[in-house]
Structures are given as C-alpha cells and as structure tokens.
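Student: Note that the protein sequences, when read in sequence, are chains A and B.
Position one of the first sequence corresponds to residue 295 (our numbering), numbered consecutively onward.
Position one of the second sequence corresponds to residue -7 (our numbering), numbered consecutively onward.
These aren't lab readings, by the way, just hints derived from the structure by calculation.
Keep in mind that the hints are not guaranteed to be accurate.
[Said to hold, decoys possible] No farther apart than 30 Å at their CA atoms in a straight line, the calculated lysine-lysine pairs in the DSSO-like style are these: (1) B:Lys700 - A:Lys429; (2) B:Lys605 - B:Lys593; (3) B:Lys323 - A:Lys365.
[Stated by the list, open to error] Covered stretches of chain A, going by a simulated chain B footprint (3 or more residues, C-beta under 8 Å): (4) 305 to 316; (5) 412 to 420; (6) 486 to 494.
[To be verified] Calculated Cβ distances over 12 Å to all of chain A for the following chain B residues: (7) Val141; (8) Glu244; (9) Leu290; (10) Thr423.
By construction, the Cβ of each residue, glycine as well, lies at the ideal position given by its N, Cα and C atoms.
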Amino acid sequence: MKSIGVVRFPGTNCDRDVLEMAEAKGFRAQYLWHLDQFDTGAFEALILPGGFSYGDYLRAGALSAKSPVMKSVREFAEKGGPVLGICNGFQVLVESGLLPGALVQNTSRRFIDDWAELELVNSHPYFGKSGVSKKIRLPIAHGEGRFYASERDLDAIESNGQVWLRYQSTPNGSMRGIAGVMNQKKNVAGLMPHPERALYSWMGGTDGWGFL
Amino acid sequence: MSQDADLKAKFKTYRINESEYKHITSLLGRPPQGVEWALFSALWSEHCSYKSSRVHLKKFGKTITDKVVTAQGENAGVLDLGFDEKVVFKMESHNHPSFIEPYQGAATGVGGILRDIFTMGARPVVLADYLCFGEPTAKRMPTLIDGVVRGISGYGNCVGVPTLTGQTNFDAAYNNNILVNAMAVGLLLPGEELALSKAKGAGNLVVYVGAKTGRDGVHGAAMASESFDENSDAKKPNVQIGDPYFEKLLIESCLSVIQKKLVVAIQDMGAAGLTSSSFEMASKGQVGMKLDLSKVPLRDAQMGPEEILLSESQERMLLVCEPGKLADIQKEFDIWGLDASVVGEITSGRKVSLWWRGECLTEIDPDLLVENAPMYERPYSAWAPKHQKASLPAMSTDAKTWDLKGQLGTSEHCDRTWIYRQYDQRVQARTVRGADHDVAFHRLPSGRGLAVTVGCRPAWMKRDARIGAFDAVLYPSLQMAIKGAEVQGLTDCLNFGNPERPEIMSEFVASVEAIADVSIALGAPVISGNVSFYNETLGQNIISTPAVGAVGLRGDVEDIPHDRFQEQGSTALLVSLAQVRTRAGLTDFTGELDGVGVAAKIKGLSELVQSFKASEILSTQMSGRGGLLLSVAKMSMDGVGLAIEAGFTLEDLSDEVLYQMVFEVSPAAEAKVQAGLKKLGFDVQKLGVTQGQRISWKNHGWSIDEMKTSAREGFGGLLDGIS
C-alpha cells in the first residue's frame, strides 16, 4: 500500500493533525522533511499542512517554496500525483507556482479565526472522493488568506473550472470569494479552510471528513 | 566620587537597599564585588525571590493532595488525571512590559509561560489570557488593547497552541497599569517523561540552547519589581523581543531530547535569564556549577559578563546532560537548525563559579542567592469588611428605562469576539469548545474533556478582597460544574500594588487565605503561580487582582450543556445559594459569603449535571455581573428568549447575587433536575419558559435582534482610531 506523505517544514504546526486525519481515514501516512527529497513512487498523495513555515519570514510560504523537498513535490505533481495544500500549505503551493494566484493579507489586516460557510464549486477528483457536500462549513484561521489574481487570470480560473471552494460570505476579502483552487490539470489543490479540524461532531462539525 | 556616594549609586543601579546590603555582606563575610552586585540584584528582586509574599504563599502548601505530582518550586505544577494522563499548568503576569510595549510585552508573556510548560516535558495544548485594561477612553488605551491582542495572537498562533479562553475587564484603576496574565496548559501522555530542573551529577555538562544572548531585557526582573513613574517610557530597552518561530523550534527539539531521555535537568531562561536558571538549577540539586560566560553565544560580541548574566533575551534554555549524550543532543537540535553549546559543567563542590576569558569572576554558594534571599513580613491587618451593609438602597429606576440594548454595548458587557477572532482556537485539532464559550474544553486522548477557565472579577475585589478572592476560585469552579466538569487544580497570578503599603498587604493576605481555604474545600490544589507586586503608577495602585486559572475534568465531551437557550418551550430554572447581594454600580453589599460552604457543594453539582444528557439540561449559565436580567439577555443571543414569571421583582432581576445560575431544562427532565438540585442544598425556582426572539417580563419586552447587534458592535466602538 502506498502512503500519504505529510510535508513538514520548520514552523509547520498542523502536521500532526493532518497525519492523524490520514490515519483515521485508514491510510498509512508519513512525514517528509523539508531538507530531504524523496522517492515519488512511494506515495499515493501528498499534503502540505498549515502553520507558519519558516516563521512566515519574507512572505507566507515564500521560503518554503524554495526548500529541497519542494523539488520532489513538484516532480510528483508533474507526474499527475494528487497534492493538497491546506492554509500555509496552500500559500506554499501558490508561492511555488504549482497553483495560480497569490494569497495576501486579509482586508481587515487581522488574523481571523472562525467557521466559514463554503460552496463546493468544482469537485476535486482525489480530495473529496469520499464525498464533500455542495454546502459545507469548515474552520478558518489565517492572517494572509485573501486570494488575489488579475481579473484576466480570475476569468481563466473560473472558466477552466479551477475554482474548488467559494466562501458564501467572504471573511478575508478574497477576490470572487475564492477559498480554494486547483491547477489546470486538477491534480494539485489548495484551500485556506482546515478540513482536518472538522472530522467529528465534538469538533463542532464533520464536513472535513470527506476530503480524504 | 566618595566611597559613600559610590555605594549609594550602586544601591540605585542594582535596586538593593541598605539593610539588604548589610545582609549580603554578612552572608559573604565581605562586601559584594563586581558581578555579585548584579547577581544579588536579580535573584533578590521581588520578581525572582518573592520576598514580600513567600511567608504567605506557604499557605498554598496545605492545598496539596496526593493527585499532585510536583507543585510550587518547579517551573509549573503537575497533576495526575488518572488514565496515565498528567496535566501541567501555570499562569504568569507580564504587566509592566506590556504597558511599555504592548505587542512585545504580551507576546513574550505567552512565550515565557509556554517555556515553563515544555521545559517539564509536556506539550502545551491550551493557552488562556486574563486581561485588565483601563477605560477605553484613557490615554493610549486603544493602542494598548490592540497591541496586547495582536501580541497574543502573533505569538500563540505561530507556535501552534490554541488560545481557548480568557477574560477581559475594564476599569479606570488600570488606566496607568494594565494587567496581562497568560496561562498555559500542557499534557504528559502515557509513557511520556516528566523533566525537572534539579541539576545533578558532577562532571555532567551544562548546555545552552536556543536564541543567542542579546542586550534586551537586561535588568528586566528588577524593573518588574518597581512602581512606574512618569518616565516609564525610558524603560523600553528593558523590554524583551520575542520570536515565536524560534519558540516553535525549541518546543519540538526540547520535547524530543526530553522524551529520548537525553537530559538530566532542564530549565528555561526566564526572568533574570542565565543568572536565575543556573543558580536555581544548582541550588535545587545541591551541586556546584562552573559556568564560562565567554562561551555563551552572543548577538553582540561587545557584551560583558554582567549583561550576559542579566539579559532576558527570549527563547533560550539551559540543560544538563551526561557527557556521553552531548553528541545525540546536538544532533537533535541540529535537525531543527538550533545550536547547543557547552557553557559549563556540574562540579562536586557546593559553589557556582563564573568565568570570563580565563578569569574567575566569583565563586559563590547558590543557596546564598536562592535560599537565603530576604523574606519580609510586611505589615498588614486582619481582614475586616469595609462595605458590608444591612440592606441595599431602594431602586431608583423602573423597568421602562431599562436599556438592555445599551448595556450590552458597553465595555463591561459587550461581546469579546473582536478579541477571540484573532486567536487560532482549533490548531492541534482537539478543541471541543473555544473562547466563544463560558468554559473551554480540550479533548484528551482518553476521550475525557479537559476544562479550562479563568477567574477573578475586579468589581468584587473592589467591594471586598476576601469575597473577591473566594469568588476568583468559586466562580470558575461553578462555571465548570454547571457544564458537568469538576475542577481539579488551580494556578494563580496575584496582581497587587505596592506591598510596602499595609492596606495593600492586608488585601494580599486576605486573598491568599481565601484562595487556599476554598482550594482545600474543593480538593483542587494550587499547584503553581506567580506574584506581581508594584502595580502602582505615580502612587495610584490597581485594584488588587488575584487572577485564577482553573483546570477541570469531565468524563466525556458529548453531552456538555450549551451556554445559550436552545429550544422554545423549555423551562428555565433559577438555581441559587444566595448569600451575598449587590447591584451594578454599588460598592456596598449585604450578607456574608461562606466560601468553604459553597465549595463543598460544587463536586455534587458537577456530578449531577454530568448525569444528564444535553437534551435534558440544554443550557446553563452563571448569573453574573449586571444581574439576572442581563444574564438572561446574554443567554438569549442565539435567538431563543425567555418569558420571565411575573412573580420576580425589579430587585430580583437587577441584583447581582452570589450565587445564582440559570438552567434550561426539558419539560420531561424538569422534576428530576429540580429534585437533584434541591437534594444538594440549592434553592430552585421556576424563572420562566423559553420563547422565540423576545425576552418579556410583566408588560415589558426586549427584542433579541437589537440586543445582539449592540453586543456585537460594542467592542469595535471602543477602539476609536484603530482599524
């Protein structure tokens, strides 16, 4: 059985949460360290968890995008392997050019912790296989989660069906309410909300369960 | 300069008084020399030595039960929760630095309290804060509020520890001296090692890890032991600068070396930095230590030994290991990109010797600095209530002018979401209930709920220090009990003014006694804590504020009653142990609080609540500040209101009573809940029946929607000019 690889940078802080989610869903899961490259053939999917990789120095995700492990992540993605970035992981994928757009500071210029109502715009062929409903509710927690792109790029993202999730009511000023996007091939995806924080009813919601 | 003037200048620089100087001279058999001045200055400061409070803090020793693994004296207390799960927690103040530089002051307060937890081998899982601000219109206050909240948010979110609960108070008494107290809770799970700070083993190495030492925070401990004057701004260079990213790396690397059993002892460098950590480790272990200050990694190569000893640069730890384990330790820290440098060794004598470029600066018995620190029995008098009255004045308002909407928009009552929205409350994926609830719950691996909340209501402290201190423990314990959680242990952060004033010292002593007494009655030991004196600016003291952090336990996390009315048509019960009565705005009160008597009923109450399903006891809330009607309004914020029985009077609805609670119960469970509560000795009355969208009483009514908007927008309105 192939594993799910959980990419860990110094400063990542949702690594254990994501590893436990993968294990709870019956997967074998293992950490991938930022300084190491890995055998891409050994993995079924990769997840880049949230946190403050490299302390968010320079810009959220900017330094991580240049780390050795990302060479392997890129190689895996180019072969069509499913890659998911959550929160800071999404920022890393955007900074490395694997996903379109940019993630900039929330319009409130403050960190926002809340539950967000979301609409599933286009399904992801891998992350969501076990069923994500059309309307869901997930926790968000970020300071730089405002999705930003030029109008032309936004039009292209929309018309290619790359919008994955949209906020019902935008908490952070994201353009066109975008909360999650995919690449053109739709194997790479990223979202600001945290599915791993909504698995069981005691967490306040179970809508994250279907993402893996 | 004459010898006398020289000495006077030293007293001023090192904040040592003449009698302390004489004491030092007699302990050493000669006057202090060179760096010894700095050592005594730091370790004999109020902040490090607890010289005004130690004699009274001994009372907390009586609260210790067999559940306590370690308590006072270590970095934090440890409590055994059964199922091989242990909880480690502590609360600490960072008042002075936060007033000077709010962002860094609050941020490093969080960083410091976290280090106290993971230095014991426990992973921090919950943060809480207890904040007291001045009037929102006071000078600098919006900036202070904004800076403190951003500081807590910036640090806590980045290190990945959720901030789950807290309390925010406003009072003019804090205009020139705000309070910023942070509490951290950590866990030791089955099989995990507890680490201690007791150095041992001659020949073992002393290893420095973490950030390099800089000039920040030099003399910080002494600064925190002084009152403020108009020049407090000049103290900015004393404030430390934090880096949460570095702290996160330290958490992971330190937990890893501890769990791999590579360390003999470990301690963080907090107040008075390297001085306190090295001398305390040696003193606790009854060993000697040779420390070469020239080997300490520096940010600024020009720093001298005195600055190195007193620097309070953040994110630094000192550990002791066997020489054979050094390579493994260095390998572990290297993974996280951190250096681990040998700066000394444990020696067989009983002396700590400090070396600088091949020269011995001093050789001194650590007990002289740690164990022999002065202990003052400051003058105080036995507690006598000042504001106890036979009756309260008749009410002047009538219900028609009752502006619930307006009241809910004030700083005292408005919704604190503006604050909590800036804190990550769900990182670690264990949060059952966060800061938008009365009591925070973290789910333990055993499936049980770990409850956390903080207490101390300044308005009650103003009325009566003894009642206020009872309440600082009883209120959070009752909040937990009505959620079906039983309080297990306490930590405190005793914020007071100038201890040299007898009236302040009297309030301090009354508070410590009250907290110790209820703690014993609850079986919830005080396992850690901190004292912050000299919260005084230009002669004005703060309200004495003994903040308490409470940790409790519930058998499951599934059936916790909600905080707000859930369903129309259920019964609201008013559950009372009415002993003391007052009204908003009054300093006077009637009655007497039997703190121990109330405490004795709390365990039964939590067991009773836990025996019901969430479909039977739907919601519960303490009737808190502002009285019963205002509490009902807060319980109605989810859109379900209450038709209050006509038999309740205007006074019943507006008086603030210790203690009253509101329970929303299903009609089917009503009789059983009532009987259970009565059996425990509580008074139970039917308060009303829940209904949609409105609160009503006799011919008066209030719309929930309007109140909701006012409560939600209240906080933003306080922060004029801050976006």
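Student: Decide, hint by hint, whether the structure agrees.
Tutor: Going through the hints against the structure:
1. The hinted pair formed by B:Lys700 and A:Lys429 meets the criterion: a straight-line CA distance of about 26 Å does not exceed 30 Å.
2. For the hint pairing B:Lys605 with B:Lys593, the CA-to-CA distance comes to about 21 Å; that is within 30 Å, so the pair holds.
3. A C-alpha spacing of about 25 Å is found between B:Lys323 and A:Lys365, which places the hinted pair at or below 30 Å, so the restraint holds.
4. Coverage of the segment 305 to 316 of chain A by chain B holds. Counting CB-CB distances below 8 Å, 7 residues qualify, and the rule asks for three or more.
5. Interface restraint, the segment 412 to 420 of chain A with chain B: violated (0 residues with C-beta to C-beta distance below 8 Å; minimum three).
6. With a threshold of 8 Å between beta carbons, the proposed coverage of the segment 486 to 494 of chain A by chain B holds, since 4 of its residues qualify and at least three are required.
7. Not every CB of chain A lies more than 12 Å from the CB of B:Val141, the least distance being 9 Å, so the non-interface label is violated.
8. A Cβ of chain A approaches the Cβ of B:Glu244 within 12 Å, the least distance being about 8 Å, so the stated non-interface status is violated.
9. Residue-level check passed: B:Leu290 sits 22 Å from the nearest beta carbon of chain A, beyond 12 Å.
10. For B:Thr423, the condition that its CB be more than 12 Å from all CB atoms of chain A is violated, with the nearest at approximately 7 Å.
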